[in-house]
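Colleague: Sequence:
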Amino acid sequence: MSQRPTSRRAFLRGSAAAAAGAGALATSARAQSADPLITEVQPWASGLGDGVDATPYSLPIRFEADVIRRNVEWLTADTISSINFTPIHALDGTITPQGCAFERHHSGAIELRKQDYRLMINGLVDRPLVFTYEDLERFPRENHVYFCECAANSGMEWAGAQLNGAQFTHGMIHNMEYTGVPLRTLLEEAGFDASAKWVYVEGADASSNGRSIPMDKALDDVFVAFKANGEALRKEHGYPVRLVVPGWEGNMWIKWLRRIEVLNAPVESREETSKYTDTLADGTSRKWTWEMDAKSVITSPSPQSPITHGTGPLVITGLAWSGRGAITRVDVSKDGGITWETARLAKPGERMAMSRFYLDTDWDGSEMLLQARAMDETGYIQPTKDQLREVRGENSIYHNNGIQTWWVKPNGEAENVEIS
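All letters in the sequence shown, in the order written, are residues 1 to 420 by the working numbering.
Please keep in mind that the hints were generated in silico from the structure rather than gathered at the bench. Don't take each hint at face value.
What the hints assert, rightly or not - Computed cross-link-like contacts, DSSO-like style, restricted to lysine-lysine with a CA-CA straight-line distance of at most 27 Å:
#: 1; residue 1: 227; residue 2: 217
#: 2; residue 1: 197; residue 2: 275
#: 3; residue 1: 114; residue 2: 235
#: 4; residue 1: 217; residue 2: 197
#: 5; residue 1: 275; residue 2: 347
#: 6; residue 1: 235; residue 2: 197
#: 7; residue 1: 275; residue 2: 114
#: 8; residue 1: 227; residue 2: 347
#: 9; residue 1: 287; residue 2: 347
#: 10; residue 1: 287; residue 2: 275
#: 11; residue 1: 197; residue 2: 114
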């Protein structure tokens, strides 16, 4: 199919051809007769609307009430230690609204006031320090857009197609603009030992969730964030302060950050031994697999976002990201990987941030096997699931970045299938 921009004339030709379908026929009929939504005064134009203080903190309009996070009830025994999923199928652009961004808790989301917040830096430092929230705000701050992806995102798909929706297969991810202070700045304030090799970061919730981070990464781009998308962090995202670890698995982005210990060796915590390691076919496990490899998914059309407008012009769109750097290219296949077309990136890729891609095409009503394949600035190319399984088998839970397939049927509905 050609990737030429869709012109008005081409659109009208497509609409005329689409008249053979029932839905498109109704659209064509309305266009040829008086439409009461245009010719008659409607209720919303017949009176006054809400005043400026009707909703002091605005929520989405009720017509968008279905655009919400969702969990999978049978996935965990209780929602206290569980996860829900970002409605990526219903969003566009790249920035995730905080109210839609997925949650992952180990002992539930806690309430911690700014006034009660403390952050300790100890271990191999000249001056052990304790910072208040107000202390952090006095340091020079930065703004960066990064994605945060749970290592288990797409994990249920290792053994084949499982859940029918992009929200459930790929929705353990969000992409937000964070405001905060580089971790390097705080470590320098404490006078960290230059020979130290690790830091251990720990949260204030009851699980005391903690992870070891190599010092090289800690001094590079890790930072302590207290805002997201221009406002305070949400409770479920670590209010008032969380850690941001660009490009690395979400379990390391410690929420309600309370302690940073400078060490010469990793702590070997629960979350880096029995959990968040990648079990291989022979029963051994890969360890320290922090980076999130290049990955992509088509969000529309998809099982939760079917084609409803009939044949003719169609925008295929989705998201791509890489923990190794910026996305440089995304290809889309409509035939299960036999042929590929290069999609259009909405803007140049940003390091460790999500990219939106579009493929503007025409659909004749034939079934499609839609796939996306991402490439990043290191030259890494997103693999198929079979390529991953050749190396790692099917025992893993984490780091599944295999190519996803949606089977789009002639009626426009889509289904999760596997074509490796």
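Colleague: Each hint should be assessed against the structure and marked as holding or not.
Modeller: How the hints compare with the structure:
1. Between residue 227 and residue 217, the direct Cα distance comes to roughly 21 Å. Compliance with the 27 Å bound is thereby established for this hinted pair.
2. Restraint check for residue 197 and residue 275: the C-alpha separation of about 22 Å stays at or below 27 Å, so the hint holds.
3. About 12 Å separates the Cα atoms of residue 114 and residue 235, which keeps this hinted pair within 27 Å; it holds.
4. The hinted pair formed by residue 217 and residue 197 meets the criterion: a straight-line CA distance of about 10 Å does not exceed 27 Å.
5. For the proposed pair residue 275 and residue 347, the alpha carbon gap of about 36 Å is over 27 Å, so the pair is violated.
6. The straight-line distance between the Cα atoms of residue 235 and residue 197 is roughly 32 Å, outside the 27 Å bound, and the hint therefore fails.
7. A hinted pair counts as satisfied when its Cα atoms are at most 27 Å apart, and residue 275 with residue 114 does not qualify at roughly 31 Å.
8. Proximity of residue 227 to residue 347 is assessed by CA-CA distance (about 24 Å); at most 27 Å being required, the pair is judged to hold.
9. The hinted pair formed by residue 287 and residue 347 fails the criterion: a straight-line CA distance of about 35 Å is larger than 27 Å.
10. With a CA separation close to 10 Å, the supplied pair residue 287 and residue 275 stays within the 27 Å bound.
11. Of the supplied pair hints, the one linking residue 197 and residue 114 is violated, its CA atoms being roughly 31 Å apart against a limit of 27 Å.
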